[in-house]
Structure formats: C-alpha cells, structure tokens
Amino acid sequence: MVLHPDFLGQATKLDGALTRRVLIALQQFAEDPNHSSLNLHPIEGDRSGRLHTIRVNRDVRVLLSKQGNIYTALDTDHHDALYARALRGRFLTNPSTGYIGFAEPTADVVDTTEAADGTSGRRQTARTEVKRRPFDHWADAELLEVHLDDREVAALRACADESDVCDLADLLDEETMDLVFELFEKTPEQYAAQTLDPEADAEDRLRRAIAANGATNGLSQVLSAEEILKLASAPIEEWMVFLHPDQRAAANRRYDGPARVSGSAGTGKTVVGLHRAASLARRFEDEEDDPRPILFTTFIKSLPPVFENLYARLPGSQPGRVEFIHIDKLAARVCRDAGQPARVDSRSVDAAFAKAWRATVTPGTPLVSLGLSKQYVRDEVTAVVKGRRIGSLPDYLDVARTGRRTRLTAAHRAQVWLLKEAWDEEMAVRGTVDFVDVLVRASEIAGSLAEPPYRAAIIDEAQDLSLAGLDLVRALVNGAGDDPPDGLFIVGDGAQRIYPGGFTLRQAGLEVRGRTTVLRTNYRNTAEIIASAMAVAGDEEIDDLGDEQRRADAPADADRDGARPHYIGCGSLNDQLVEAIRLVEAATEGDAGVDLGDIAVCAATNPLVSKVEAALGRAKVPFIDLKRYEGRSVPQVKVGTFHRAKGLEFKMVLLVGLGEDEFPRWFEGQEAAEAAESVSMQIGSLFVAMTRARDQLVLLGTGDPCEPVARAGEAIETTTT
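With our numbering, the residue at position 154 of the sequence shown is 154, and numbering never jumps.
Calculated from the structure, these hints are not laboratory results. A couple of the hints might just be wrong.
Claimed, not checked - BS3-like mimics (lysine-lysine), calculated; alpha carbons at most 30 Å apart, straight line:
#: 1; residue 1: Lys611; residue 2: Lys374
#: 2; residue 1: Lys374; residue 2: Lys329
#: 3; residue 1: Lys301; residue 2: Lys611
#: 4; residue 1: Lys329; residue 2: Lys627
#: 5; residue 1: Lys355; residue 2: Lys329
All chains should be modelled from the sequences, with the hints used to inform the complete structure.
This is how it looks when you write it as structure tokens:
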C-alpha cells in the first residue's frame with residue numbers, strides 16, 4: 001500500500017471513528033485483498049484499468065490505483081462523489097517532471113495563492129513546481145514515429161503540466177488520449193521495450209518513481225499491512241504533519257522575495273511551514289549546493305522541539321538541514337558568537353524596573369494621572385519602544401502604536417521615554433539586560449556579518465514576534481543585502497496574537513504583495529468547534545500585521561461535522577477537576593479512539609494549571625506539562641496554559657476555570673482602555689485554546705459560564721452537575 005496526500009487530506013476531514021474505520025479497511029485489504037466485506041472491484045468506465053474501490057461502510061468508499069502488486073490509496077469519500085472524481089482523472093507518474101499524482105482537468109484543481117491585488121489566483125494544480133514540461137523526455141521525431149501527427153505533437157508541446165494533459169481530452173479522441181497517457185508515463189526506451197507483463201512494468205516504474213520523487217509529491221513510503229494498522233491507531237502527532245493537496249502549492253512554490261502564509265485557526269499554516277522547510281532543504285541541496293541551514297523559529301519557547309520532532313516525521317525530511325530554535329535563544333547565541341555575550345537576570349531586570357518606576361512615575365506626573373498599571377507601561381517600553389527599535393523620543397512621539405488601545409499623549413510618551421532610560425541605567429548598574437535588548441543587539445550584529453549564516457528562514461506564529469525579532473531573522477538571511485528569492489517565509493494569524501504590542505509589515509519595510517497565500521479551509525476543527533470559538537471571540541478587533549478586521553471576518557470553512565462543544569457548570573473548582581478526570585477516563589475507555597496522549601487539559605493561568613496537575617496526580621492519571629512536551633507521542637494527558645497550547649492540536653480539549661466569576665480576570669482600579677485591552681487579549685487566548693480541539697471540546701467552570709462563553713448561545717451546549 002501507498003498513501004496519496006489526497007487520501008490523507010480527505011481522511012482527516014472525517015470524524016475520528018470513521019477515520020479509524022477507513023484505515024482498518026485498508027489494513028484488512030493489505031492482509032487479504034479478497035476480504036468479503038471490502039467488495040474490491042474496478043470502476044466501470046475507467047479507461048486506465050487501474051482504478052478500484054473498496055467498501056468502508058454502506059456509503060463510504062476508498063479509491064485505489066492498482067499497478068502490479070502495489071495499490072495506492074488515492075481518496076476516500078461518499079460513494080457518488082468518489083466515483084464522479086474517479087472518472088475525471090487518472091493516477092499517473094512522469095519521468096520528465098517527477099510528478100506522481102491523480103491528474104485532473106484544470107477546472108477540478110485548486111491553487112490558494114492570492115494575486116497581487118488580493119484576489120484569488122488562477123485555480124491550478126497544487127503540486128511541486130517543476131522546470132520541465134510533461135513531454136520533454138520525448139523528441140518531436142520520436143512522437144511522430146508513434147503515429148502522432150504534427151497537430152497532436154504541437155498540442156503535447158503546449159502542455160505545461162499534467163492538468164493541461166488531461167485537458168487534451170477536449171481535443172483528441174479516446175484512443176489517442178490513451179496513447180498520450182502512456183507516453184506521459186514512459187520514456188521512449190521503455191515504450192519501445194514492450195514486454196509480455198505490462199502490469200509488472202507499471203509496478204516497477206511506480207516503485208522507482210516513489211523512491212525518487214515520492215516525498216516531494218507528498219506520498220507515503222510503501223507500507224505493509226502492519227504499518228497500515230499502526231496508522232489506524234496513530235496518536236495525534238501523526239496527523240499533525242499531513243499536508244493537504246490544497247496547501248502544497250504554498251509549501252513548494254518559488255518566490256522572488258519574502259512570502260507570507262496566513263489564515264484562520266485550523267487551516268494548517270504550521271504544517272505548510274514545516275513542509276516548506278523540507279521542500280527548501282531538498283531543493284537547495286539539489287540545485288544550489290549551499291551548505292547553510294534553513295532557520296525555523298518562533299516566539300513560543302516550548303514549540304521549537306515540538307516542531308523539530310514533527311518535522312522528522314515528514315517523508316524525505318532532512319533534519320540536519322533545518323535548525324529549530326526559539327527566537328530569544330537564537331539572539332543570545334548570535335551575541336555570544338560575536339564576543340558580545342548578553343546576561344539576562346530576570347530578578348535583576350524586575351528590580352531595576354521597580355527602582356526606575358519609583359524614581360520616574362511619581363505622584364502628579366502624566367502616567368499616574370492616566371491610571372495605567374505598571375505592567376502596561378512596562379509592556380509599552382518592551383513591546384513598542386524597544387520591540388520596534390525606536391531610537392529617539394521624537395521617533396517615539398511620531399510612531400503609530402500598533403496593537404495598543406490606550407491613547408498616550410506627547411506628555412505620556414515623554415514620561416515613558418524617561419522611564420525607559422532610567423530602567424536601562426539601572427539594568428546597567430546590575431550588569432544585566434532584558435530579552436528585547438538582546439534581540440536588538442543581535443540584529444545589529446547580524447546585519448554586519450560578512451556572510452549570512454542561513455540560506456532561508458521560516459517564522460511561525462509571526463504575529464507574536466517583535467519587529468526587533470523580525471529584523472534579526474531577516475538579517476541572518478539577508479546580511480546587509482536585499483531580501484533574496486525564497487529567503488523569508490512568514491507564517492501567522494493576527495487573530496491568534498496573545499502578547500502585547502505588534503507591528504505592520506509596512507512598518508517593517510517588508511513587501512509580500514503577490515507572494516501571499518491565504519488558507520481558507522479548516523482541516524483541524526469540526527464545524528461546531530470553530531463556530532463556537534468564533535461565537536466566543538469573533539467580534540474582537542484584530543490587527544493582522546497591518547490588516548485591521550474583526551476576527552470573524554476571516555473565517556475558514558470546516559469540512560468535518562461533530563458534536564457541539566459543551567459547557568459544564570460545576571459547584572466549585574474542585575468539582576470541575578473531578579469532572580475533568582471523569583471525562584478523560586470515559587474518553588479513553590474501550591474503542592473510543594482517543595488515547596491519553598490525544599487529550600489536553602488547559603487553564604488560563606499557571607496557578608490553575610498547577611491545581612489541574614495536582615488533581616490528575618491524585619487520581620493517578622499520567623500527564624505531562626506542555627513546558628516539557630517535545631512533540632513525541634507519549635501516553636500522557638497534556639496540561640498547560642492557554643498560551644502553552646498555541647501551535648498544537650489535540651483530539652480532545654478540556655478547558656477549566658471558565659465560570660462567570662473566574663474568567664476573564666479583572667484588576668481593581670484598572671484604567672478602562674487598559675482593562676478592555678487586557679480582556680481582549682484574554683479572550684484571544686481562549687479562542688486559541690478552543691481551536692486546539694480537533695474532535696471534542698469541553699469547557700468547565702464554577703456556576704454559570706463567563707460572559708464570552710455565555711454570548712455564544714446555542715453554539716455551546718450548557719449543563720450543570
């Protein structure tokens with residue numbers, strides 16, 4: 001058996017139980033193709049003679065292509081839809097372009113890349129970009145020798161890709177099309193060496209094609225029945241790296257400058273980023289002979305080891321060619337390698353800020369009169385002044401404070417600047433700097449390097465990075481020069497920003513028009529889960545690296561249906577924890593299709609996470625804190641804050657602490673605009689946590705649900721214990 005990415009993409013749209021049944025049907029077929037329940041039979045009307053189906057249940061089928069003793073699982077869908085697709089295309093390989101896939105007419109395939117004007121580009125095959133054409137392995141004279149005429153040869157020469165070949169059916173008769181597909185797959189030597197066993201020849205060609213080009217086309221390796229069975233019960237980590245064919249164009253496309261992938265929660269942005277890294281690693285090794293690695297970085301400290309282990313699961317990945325590292329750790333290393341090590345002592349940084357605050361923000365001064373909290377002003381210094389690399393008070397007075405809602409007058413900003421200078425002086429006395437200071441210093445060093453140390457960089461969750469962090473990554477790829485082709489790949493969604501501050505791509509001097517892909521299909525969540533998350537947080541205003549909109553204005557269509565998310569009102573926090581443990585135990589009993597490692601229990605704060613872990617420990621339920629999770633499959637419930645869950649997904653998610661008096665958190669005396677900004681950020685983190693759920697989402701709280709959950713109305717079922 002071989003698994004085609006169309007099959008994997010479609011299988012992930014099914015609910016968990018049906019996905020498992022599809023894979024079990026494949027496993028039964030691999031063990032016994034004549035199993036009576038499978039009803040293997042060819043598709044009537046398929047001129048290739050390759051396409052067959054097997055039965056999963058009364059209505060669902062799996063589409064297979066048979067070549068010798070190899071069966072490729074192409075798709076799985078309801079009977080009528082699957083048969084309609086089967087009769088539109090053919091499963092083909094091409095020795096000229098390296099293509100392996102199910103080729104269909106142009107009207108049936110998709111490209112999600114936006115044109116420069118922001119509209120959708122031409123719908124085209126989502127495939128690895130190639131430089132060669134489908135019939136470049138045939139000379140004109142050779143094509144004429146096999147009884148094609150000049151008009152037909154010209155038509156073949158005009159084909160740029162496999163979809164164009166399928167479109168020839170409007171021009172040529174059936175017998176000629178059969179010959180065209182045969183020539184598409186064979187070299188002149190193979191065509192001339194006709195044997196008595198064409199099936200064996202087809203199997204041999206497919207095996208060699210998979211070995212050479214299977215990974216770049218998204219195919220699995222040839223799998224045994226035992227390996228298929230393992231996949232049927234695979235943990236969530238196996239499904240987190242599947243790239244849907246609709247996403248492949250963005251991962252494999254050649255860009256003439258910086259590129260961006262955006263899209264709502266669940267659209268697979270990180271998966272595209274991981275496959276982009278794999279695609280570039282293979283291409284740079286083959287074409288450029290450039291030993292420099294590819295950088296994959298993010299702001300979330302716990303994610304790089306997760307991404308590294310997920311990347312290692314990709315077929316044909318080259319782990320030694322891609323470096324996964326947290327942005328702050330990267331900055332510290334750049335400084336250290338340049339002989340300018342930067343010491344960050346968090347306690348000394350805090351003490352320095354406290355002393356600077358006492359000396360600068362005194363009674364009667366503008367910031368005191370405004371009523372802002374210390375944390376808000378501290379974030380202003382780190383996220384806006386330093387994060388945006390603002391070098392003078394006049395520049396700060398002029399800057400648009402992207403991502404901040406509280407208005408600051410010139411007097412307020414002048415005092416913020418005085419606080420910043422006093423804080424810097426106090427840190428210098430203590431021999432320390434803050435993390436953002438390291439980013440700024442590292443970006444200056446990187447811009448002066450004789451040769452950039454990375455050939456390309458992928459930034460995941462880019463909306464949480466500071467401008468100083470973006471400048472650092474950019475300099476590590478560009479040096480002092482311009483942005484190179486295929487250099488910078490930005491992945492992110494402003495709707496999932498959970499940290500203060502922000503910037504726009506225009507402020508960064510970064511141009512991605514014509515090189516932006518917007519993913520519009522949610523492959524992770526059920527329709528009910530994404531609808532509930534939008535109902536909770538969709539009205540919130542967001543800034544998506546310069547594009548201002550409501551979160552709900554950029555929805556993604558979900559292809560799967562499931563149960564409505566459920567809010568359970570309990571009598572106390574302890575009752576919530578008891579109920580959460582009961583739900584975990586119930587979900588993992590019998591043949592429910594959920595393992596402990598597929599479940600996450602999350603909360604808004606670290607103290608509440610500690611209480612969850614204590615309760616699980618008392619109940620002897622194995623768990624792992626998300627701070628220590630590295631993307632490897634482990635039979636333990638994942639536990640962490642809403643923030644720590646970012647970038648991950650789980651089959652089942654339980655969120656605790658969402659009662660009306662528990663969430664969001666309010667602070668006594670907080671200025672109104674600051675409070676609104678704080679609440680907005682908290683609701684954003686809840687949105688992120690809710691959208692981590694693939695199949696099941698349960699929210700728990702004490703008493704009635706909090707206002708954000710209550711306003712979701714019928715989108716969330718509500719009960720009390």
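Could you tell me which of the hints above the structure violates, numbers in ascending order? Hint check: nothing fails, all pass.
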